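Sequences listed follow chains A and B, in order. Last residue of the first sequence? That's 352 in our numbering, and every number before it is there in order. Last residue of the second sequence? That's 1522 in our numbering, and every number before it is there in order.
Derived by calculation from the structure, the hints in this document are not laboratory data. Note that the coordinates shown come from a computational prediction; the quantities given were computed from them, not determined experimentally. A virtual CB, placed ideally from N, CA and C, is assigned to each residue, including glycine. Treat the hints with caution; some may be incorrect.
One-sided and incomplete, this derived list gives chain A residues near chain B with beta-carbon spacing under 8 Å [claimed, not checked]: (1) Val-21; (2) Met-24; (3) Arg-26; (4) Trp-45; (5) Val-75; (6) Leu-77; (7) Leu-333; (8) Tyr-337; (9) Thr-338.
Spelled out, the chains give:
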Amino acid sequence: MSDSTDNNFTSSPFIPSSSSVGKMMRSVIYALIPGILLYIYFFGWGVLVNVCLAVVAALFFEWLMLVMCQRPVRVFLFDGSAIITAMLLALALPTIAPWWIPVVGSFFAIVVAKHLYGGLGYNVFNPAMAAYAVLLISFPLEMTLWSLPLDKLPQNISFVDALNFSFFRELPSNLNIDAITSASLLDHIRTEVGLGHSLADVQSSPVFGHVAAAEYEWINIAFLAGGLWLIYRKIITWHIPLAMLLSLFTISLICHLIDDNQFSSPLIHLFGGASIIGAFFIATDPITASTTALGRLIYGCGIGLLTFAIRTWGGYPDGVAFAVLLIGLTVPLLDHYTAPKVYGARKGYDKD
Amino acid sequence: MRKLWRFTGGIKLNGFKALSNNAINYDLPIPEKLILPVRQHIGDVTKPLVYVGDHVFKGQLLASSTSFISAPVHASSSGTIVDIGKYPIPHQSGISESCIVIETDGLDEWDPTISANIHPEKLTVEQLHALIKSAGIVGLGGAVFPSAAKLKPTRPIKTLIINGVECEPYITCDDVLMQSRSDEIIRGVMLLKKMLSPDECTIAIEDNKPNAKRALENALKKMYSAGVDETTNINVIAIPTIFPAGSEKQLIKVLTGKEVPQQGLPYEVGVVCLNVGTTAAVYDAVYQGQPLISRVVTVTGPEISQPQNYQVLLGTPVNHLLEASGGTKTDNYKLIMGGPMMGMRLPDSQVPIVKASNCILVESLAQKQNEKVMPCIRCGACTTVCPMKLLPQQLYWHAKSKNFEKLDHYNLSDCIECGCCALVCPSKIPLVHYFRYAKSEKSENEIKEKLADQSRIRSLARVERLEKIKREVEERKAKRKADRQKKKSIESKKEKVKGEAPTKNTESGERKEVEPKKVAIG
């Protein structure tokens, strides 16, 4: 008996299960949609162009790999996993990235990080984050050029303009590239603090909202809502998001209280970057996360702390991707040492 | 209100109990043939005591064993033995086993030696024990462990648990039994109490069976008002409906908060647990003198015309029950013995009802057919629902690669095969199937290893024995040689003494030195 065969034999249970991989993945996709819509609303059509390019490319590469590996195409192509990978990758990209960025990213995510490791269920690294890391290291220029929010642009950018820019790097004649780009929020803080400006000065700049950057706040609240819905639907458990956000909040609060000129406030850490989407959608990827309750708490905690460390002392603006990839390496160990005691385990009885 | 605990994991399931939880039908006609497997219990197989052609009475002993963990088999109706041989039995792998086949005569004549006990309350504990053992009573909840073996615990018992939980969907045989035979069950409980003298006795019922609970409470009240004092520390308790709360280990956790130690038995935590059906059988054996020859069976499911409960003679072919229930709605059906979570699919409708058969579930064959098995995505849903706190996805991994050492490490043997993990698996992996397979493979391996060990020991012993013989032969040879040489030298000495060759002395100097010693010893 191998995977992907007819499940028609004589073993119990005989009740058909109501959950399926496809249903789970679709729920995750639905949970991402409000955040994506707000993202488009605030940052323009470039977001949608990225998402579409990444999804189409991911499905193409998925199909290609399934055919080459002689696996059942229909079952796996539409299980939704490739679409989620592509969406998460696209959301991590700058909104004005050239077309080949999402395509190359999807290639790396699907072909290298997923299928070369054995396909669905066997990948060691989160494919979206592995692809993001590769893109960031390989194409630092394209990957750090962030667009300003729409309302801070001198003029509106249409869908056609966004497509034009993505494919041909052509802007409407009266715009130049410097007018529409900036660093991302966390990047901005890093650079300014690095230049010796106090955090208070940096935060008085107009890109900031109530707690973080105004637009990021709303987008993150939408992702938070989607994430909570996933917990409510029991698609994910609360362990990883809570552990990750709580540890990130705690460590940033402590540092912020020690020196509020050096360390930005915990709210910026939570709502200013990829923390929310990372906690609910990326770190919770079941394939690469720990599977025991305690293991998940430790795993989430590790990601939170490492994210803070990379943001504060590391060389990259946001640390979620690297934190997820690095802590992911500890998963087999975590699973091994956090296995729950079985029912009726005898005291002092250890098999190791 | 008594404190209840919660066991880890488990699932809330749709019960479908209303389909069949009406009265017991006692009017099932006697089938033409009864097929009685000689092993209907966990433990040692019994030996047939009858021959083909024998006439047997209802309740007559057909097969027995001298083993402590075994249960005799009795004729469920009168008739003639027409065959003793292999027939398909209800079994996970659909195997055939030795069965005694009775062609019934329709008279249903009881064995004349069987009669009701006039003073059952005067029986001693030993007498009760002997009665239960000889009646062939086994756990009727499905585990079919010989009850007599359970009733001789080596430690004092705090809690006697009577299991009326019936957590599997569809099954209602215990529910209707509790409703229709509540007095007998309570009397049975009092017999068990007498045998075990526990501090307290709890009858546990899932809270989706209020009628059964009320019936037992009324029976208790009635008995109390009739002046039977022993009913005072018997409690009927409703527990939350969570599958598998009726599994012995989980039920003990819910009621006592204690966990039965790994590879241990309930009496180690001061508990004995028996099913309500078993309790009723104990009543029948002690009060009526009747062995276990029938049981309540639920015939239910979406594809049977008239779902209901029957009092069924053991050995009745399943087919007979289907006919009595108005047949199946479709030809495209499958038969499951037991519940939908832990039951087994029957190879055909000719297999007999045995002591373990609590339910015949008739389901459409189309169900579950088009489910594709996907790879494990490590979502951990199986871990969350496992009532034994195992890691099913790890077990699956190692079962697939047949890594028995790892399977041991992850406690495969503790799996109760409740099916929760497989039910929630989004990848539709038939986890229980893998675990059952790995378990049987493992025990086969262990048997093989044992045999290999034995033969290794034997062959080592043989080699040693042969060497010993060789050594002994050589020693003997050497001794003989030495003796011969001794003789020779003595002779030669004698010759020397005769004064022939004193010049040879220098050559045989060595011998000369040795010989005086030997002579001295000799």
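I'd like to know which numbered hints this structure contradicts. Please list them from smallest to largest. Hints 3, 4, 6, 7, 8 and 9 are the ones this structure does not satisfy, whereas the remaining hints hold.
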